[in-house]
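Trainee: Kindly produce the complete structure, drawing on both the sequences and the hints.
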Amino acid sequence: MESVNDSKGKCGAEASAQPQPVRLDLAEVREKLSRQRGPEVWRSLEELAETPEFEEFLHREFPRQASEIDAVSRRGFLQLAGASLALAGLTGCTKQPPEGIVPYVKQPEYIVPGRPLFFATTLVHGGYAQGVLAESHMGRPTKIEGNPDHPASLGSTDVFAQAAVLTLYDPERSQSILHDGRIATWGAFVADLGNRLRALQGLGGEGVRILTGTVTSPTFAAQMQDLLTRFPRARWHQWEAAGGHHGRAAATRAFGQPLATRYDFSAARVVLAIDSDVLTEGPGNVRYQRDFARTRRVRKGNLQMSRLYAVESIPTNTGTLADHRLPLPAAEIEAFTLALAQAVGAATAGGDVLTDARARKFVQAIAQDLRANAGASIVAADEYSSPAVQVLVHAINQALGNSGRTVFHTAPVDAAPVDHVASMRELVTDMSAGRVELLLMLGGVNPVYTAPADLGFTPALQKVPLRVHHGLYENETSEYCQWHVPAAHELESWGDARSFDGTVSLMQPLIEPLYSGKTGHEVIAALFANRADATSFELVQAHWKTLLVGNFEEAWRKVVHDGIVPATQLPPAGASVDGGAVQQAANDIRASLQRARSEGSNKVTLRLRPDPTVWDGSLAQNVWLQELPKPLSKLTWDNALMVGPATAERLKVSHEETAEVSWNGRKVQAAVWVLPGMAEGTATLSLGYGRRRAGRATGLGFSAYELRTSQNLWNLPGAEIRGLAGRHDFACTQNHHVLPQGKRKSGMGEDGEIPLAGEQAEKRHLVMTGTLEEFRSDPDFIKKEREEPEPGESLYPGWKYEGHKWGMAIDLNVCTGCSTCIVACQAENNIPVVGKEQVQRGREMHWIRVDRYYAGDMDDPRIHNQPVPCMQCENAPCEVVCPVAATVHSDEGLNDMVYNRCVGTRYCSNNCPYKVRRFNFLRYSDRETPVLALLQNPDVTVRMRGVMEKCTYCVQRIEQAKIESKVENRPIPAGTLQTACQQACPTQAIVFGDINDPESEVTRWKSDPLSYGLLEMLNTRPRTTYLAKITNPNPALAAGQAHPEHEERT
Amino acid sequence: MATIDSPLPKPYKPPVVAPGHTPGTVTDKISSVVLRRTPKWWYVGFGISFSILMMFLFCVTYLFAKGVGIWGINQPVGWGFDIINFVWWIGIGHAGTLISAILLLLRQEWRTSINRFAEAMTLFAVACAGMYPVLHLGRPWLAYWLFPYPNTMGMWPQFRSPLIWDVFAVSTYATVSALFWYVGLIPDLATLRDRTRNRAMKIAYGFGAMGWRGSAAHWHNYETAYLLLAGLATPLVISVHTVVSFDFAVGQVPGWHATIFPPYFVAGAIYAGFAMVLTLAIPLRAAFHLEDFITTRHLQNMAKVMLATGLIVVYGYMAELFFGWYSGNIYERFMLMNRATGPYRFHWFALLLCNAVVPQLLWLRRFRTSPFWLFVISMFVSVGMWLERFIIIVTSLHRDFLPSSWGLYKGTIWDWGTFIGTIGLFLSLIFLFIRFLPMISIFEMRTIVPGGTEGGEYTTAPEQEPGISTEQGAVP
Amino acid sequence: MQIFHRSTNTLAKVSIFGAVFFIALFAWIFSTLLRSSYATGQGIVLKQPVPFSHDHHVAGLGIDCRYCHTAVEVSNSAGMPSTETCMNCHRQIWTNADLLEPVRSSFANNTPIVWQRVHDLPDFVYFNHSVHVAKGIGCASCHGQVDRMPLMFQQATLQMEWCLACHRDPGKNVRPREEVFNLDWEPTDPASYKRYMQPLPAAASDPEWKPSKADVQALQAKLVKEYKIQSLTSCSTCHR
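Residue numbers (the numbering used here), protein chains in the order written: chain W, 1 to 1050; chain Y, 1051 to 1526; chain R, 1527 to 1766.
Hints are computed from structural coordinates only; laboratory data are not their basis. Don't take every hint at face value.
[Stated by the list, open to error] Here are the simulated DSS-like cross-link-like pairs (lysine-lysine), alpha carbons at most 25 Å apart as the crow flies:
#, chain 1, residue 1, chain 2, residue 2
1, R, LYS1754, W, LYS800
2, W, LYS836, Y, LYS1460
3, W, LYS962, R, LYS1751
4, R, LYS1698, R, LYS1661
5, W, LYS966, R, LYS1751
6, R, LYS1661, W, LYS962
7, W, LYS800, R, LYS1751
8, W, LYS800, R, LYS1661
9, W, LYS962, R, LYS1748
10, W, LYS805, R, LYS1754
Mentor: Below you can see the structure in the form of structure tokens.
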């Protein structure tokens, strides 16, 4: 996070340029700080604490946490204090730097110093709501948890929600209103636009255009309605780069209206995912994962298990869980869908469209299986399949009688379900025709970067006389705007939004805007309702005043407390698929099939997808997401042009070498990453990279938007890939550096390390798998393979545990590899980000990682996910070798890691067979940026350089729970003590608890015959154990397809 | 020693010193090296090694400022050049004490002409080695936590950790070899004190000589002390590297976790040590024309020791391979396969070439007797032994149990800087040593030259010898 | 001829044997320094914005600890009184004492008072007041006779060995819960003994009677059992 310093410098400049310093305290303070370096920063922060302006800043910016300066600095100071003292030859136990305590002037009665509060609020991703609980330490939001009452969360979250808190504090967020790049004020902004608008109001708002992303907020929608009545000729355009464009189109074609579709996986016995990551992507994914997991929890005594088929061109998390996975190129998948539709009688039979025998076999088997489970099955195709495919899928679900049982069509969730592409096209035409006077771009939309390349948005934009951008960051678009208004973060604002099923949940601020941001509500109100001083609180409350039933005060209090507005879920709408549409879809598919099959063999189909971590690019500056290893590829800080091994060989492109992708005369250079499991003739490049103006993310990766046109949003058939000489250095957290320079055949590296790794993984019984059939016939079949050493096979005496005995179990059967646990852990435990260069050196710091193993054929591998936290071994190799007793067995079975005792020999890490220990090779934690000190969890030490760190089952949570139980003299209530990873996991694949308690969930999991430990033969007796991965293959296909478990036992 | 004074005709034994030497000439020859004007090449040599030493200081300063992250170490390879060099230097530091102590106890008279600088070399090597355990720490300023001292934390070190054993093993070894070396020096310091004309030098040597007059009493105490120290040092020679090998043997990483390590490490250490003695002895004897004292017989004997220990090391390799195969343990097997075929296979083959193949030349007399070839071969061995530690540490760590955590290791410029830097330190010390101290034990040589003190034992005090005026040693 | 006078021989001998004693001496100096108030900050009075006297407020006016340190029973931090708390009384009394000027201005301008931290544990130590109070460890056990401190100072060393001394043998410092905030309580207090240790020895009827050393230990043992006090020495108890 080097760029932090620059932004600090910039702040200084702003501060001096600031005409009226009232609103710019933060900048001032930071500018003050930016003048010093190193220790002084903090000392001066303390001195500053006495200076009036700092106090003032505190009270305006964080009124509820003035007293936390003390706690904040305490945590923030740690490393530095440690370092300077230690360097002075003293240890932590001797002299301390003087420290201040800043108590409240008037203490709010609901705040108890040192105890966190949780507020129900809402985070918005791609326009859709996710209900969350935000943990607040005396006014500082530090952690996001799921809201158990919220249908889209049920207490879990996705990576985006977990990382939101970092964006909140991101010092790169735009910090003040800019007019032509110079700092201006809200007053000046409202005045300037007010004048223009008065002029335009006469013409009924002619030439006024507002561009937003997908909007589900009822309040905002109402505001827009009001606006359009006041300015009848104004227009509201929408562009959500990674929005549901195909889905909307398909629904419109199939049902005549843009209905939304949602699934109930808990009721599905057979699921077919057609080229879609339905489980871990899209607005409903957290809920879907939870429901699906429910149908996969095989245990002794519960052999009920759903069956999942995945037919996909790009390996997805969903695919890794599939009992049968069939990689097919995009065009063939369309054929497959058509064949299936015919097979289940959803489309009129008409000639076999399939050429591939295996695909044919699949269609028959799946069709039979689906029919057998009619009404209890789901066929899901998501956004990235063509509308034609989705129409057929709707038809199939209808034919199977799934609609209304497992698949529900409801009124659209977004407030104004227009065709975004058409909307954009209209906007661009008008702009270039000079019909647009004022373009107001709200909510961080970034069309200059994300607009379809063929529309020519940017040149058209320059024809607009007055351009306004409102967002969290200055970006490519704000560059072209006279006005930029910083947006308030969700955790700073009042608001509301609908989740995938329509449920409305409220957004409440946990902290006053750090960077004087404004919400969309406020901007609209100020400009079009002449209410420059209206707060979003007033606006949102005003909206709901009329809608909430009963006593408003109570109702409102309840809604704010629960975070959700009751009874707002959208009811299923009876809808039937139009036969003509199906016929049309079939024809379309046949046509595109023609084209595809006649194509030259040197062509590939390029699939575009939102990036699994930075999404459409709007999250590019969130370093937690940047450094989060992307599922499957395990890449960080980059996107890549992914192709399968076979395709790579055919196109003569190799791993990590740059190539040129050309499609319809558009060219982009990108580096190749060979990804096993990609369908032959398919390549993919994720959106969200190649940003031109994105602070620290500028210049990372390659822009897919330059290829993306309004006609082909996701699917670019007939693209060409030409290998170039150059090399690109990726930062990959698994098998990094195993590809030596020079000879790299098929990109799998000399003696193909990746296959080697997979093969070894199976030899070593790391991921144990089997089929439901095996389990049924012999519940102990896993036990029989285990190499469990005799108890007591140790020189050291065993441990006794009178009280608790903590343990963890992980169910590989439901782990989707979504990686939420990693970010959750990072947020909970103050884990630093190390940057691309350090990741390349193999120094990433994540305490829990998701290991990914390929096995079998490189082009159609079996893919396994395995989350690996610290195993907290009973006979821990790390404990024996530490010379200073910095890692020690606790009397409750944890391997305590004592950061302040560690001298950094790294012996423990060498001796750890699971390699879960992480070392601060350099000073990774950012201490220069005061605002980031607010992000730190005060219950966890911030580690300094030269110190080893690792997972300790969130010992701070354990201790807190124990202390509370002792103070209140009662046992720890079941289910209240959760580790961060466990709490965040959407599928509840992780369970943690007391093994001494025979009733606890974890004990039950561990006693299941499917339970096994990693590397048991080492007699480390890991405390974290796994439940073997059980597949439920279709007998009709099993013969044909390689049975997973056969290879597993070699 | 009985050979000289036994009345019976004895079998021929090549002389340890070239014929034509009397105690007087010995003293003149050796002490002259110290007392005559400094030769030009010494300035050059010392200048170079000293500037390398300065580079070392620079590297270390940067290391302390930034942290060990400037090195190539990573996950999973937590140890790199730091520990490689540590073990390498410690190994080199073995020959000296072995030669002095064990060969003394075995009455191997030929040792006398080489033990002095062998010991010095030991000392300097240990000095180099001793720094790494501190340098490699993430927080070196807390290194003192490794010592058991009463503290306000109510904490002790963790005595099960081999690193703690190291602390004791290495520090004891350093102390004892330093003492041993110094005690051995005392009579010679006295000689130098008496011979130098320079007042400052007189005081300096005199200070070191601790008032040695060579009286019978002195000689008596001296001999007891020397023998005692020899007795003390002998077990250390074995123990130190055994303990060092525990750093690995105690770990459970495939490639570390082997019972063969202690003997195999000790042999390797002596192997490397003798190689280093040769690499130093050969140029020195040429530079100071000491061919008469360090005769081909010495070179031969050292070559033989090298060959012997070298073969033990090779046996160690074979044993490792055998165990790996015989254990049937997939991790062991994979580790060996990975050494031979993995990313570091070139290092592995280079290691075999240097340590196993090249030294076989020593079977041939003409290689054993040719200083040039001996020099080359011992160079090979030194490199080989360094590679051996590289293989043991890096290839074992970089692919252990979980394939997901595999990685690669590559030394950075700072790794190399620190490594070469310690060599600079080593050479600087050697240069100072040969300049200011007798690199061959004068009085011990005198005892073994023909016409030297009869009976070979130090029954006669040096001051009765020609070459030193009697009153010099007389009590004032 | 020797260059050194023979007296140097004695010198040499002395220095060699003396070395042992020198080393011992230095070790002793070092360890005393580490435990000195210079290192621990024991007994040092820091300059506070307001010279607040616990002596006056607690001993003099009999204000309970919890009136100001409100969070002590529920949170890790004992809590520092807000300016408002001070003003509750000082609205009425000493309304224009110069000493209280900082308090009034803080209240008027809504700017907090910045106190100097007296009991300052390293940042990697996680101490929790609530659990110690709940387990019957009195304020005085760590903070000393605060009610005898006109100006606040740190009474204990707060060094790890000091913490461990109690954590290894908690019985020594335990007292009846209701006496936790009683700064004058003594282990030999007959009342507490009589409350817990039935039946009483005959001697106890004598008003002058005080529990003996053995009695005190018995009481402490009982409390340890009753309050389920464990000896917690795992590192994660304090370091996280």
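Trainee: Please write out, lowest number first, the hints stated earlier that are contradicted by the structure.
Mentor: none
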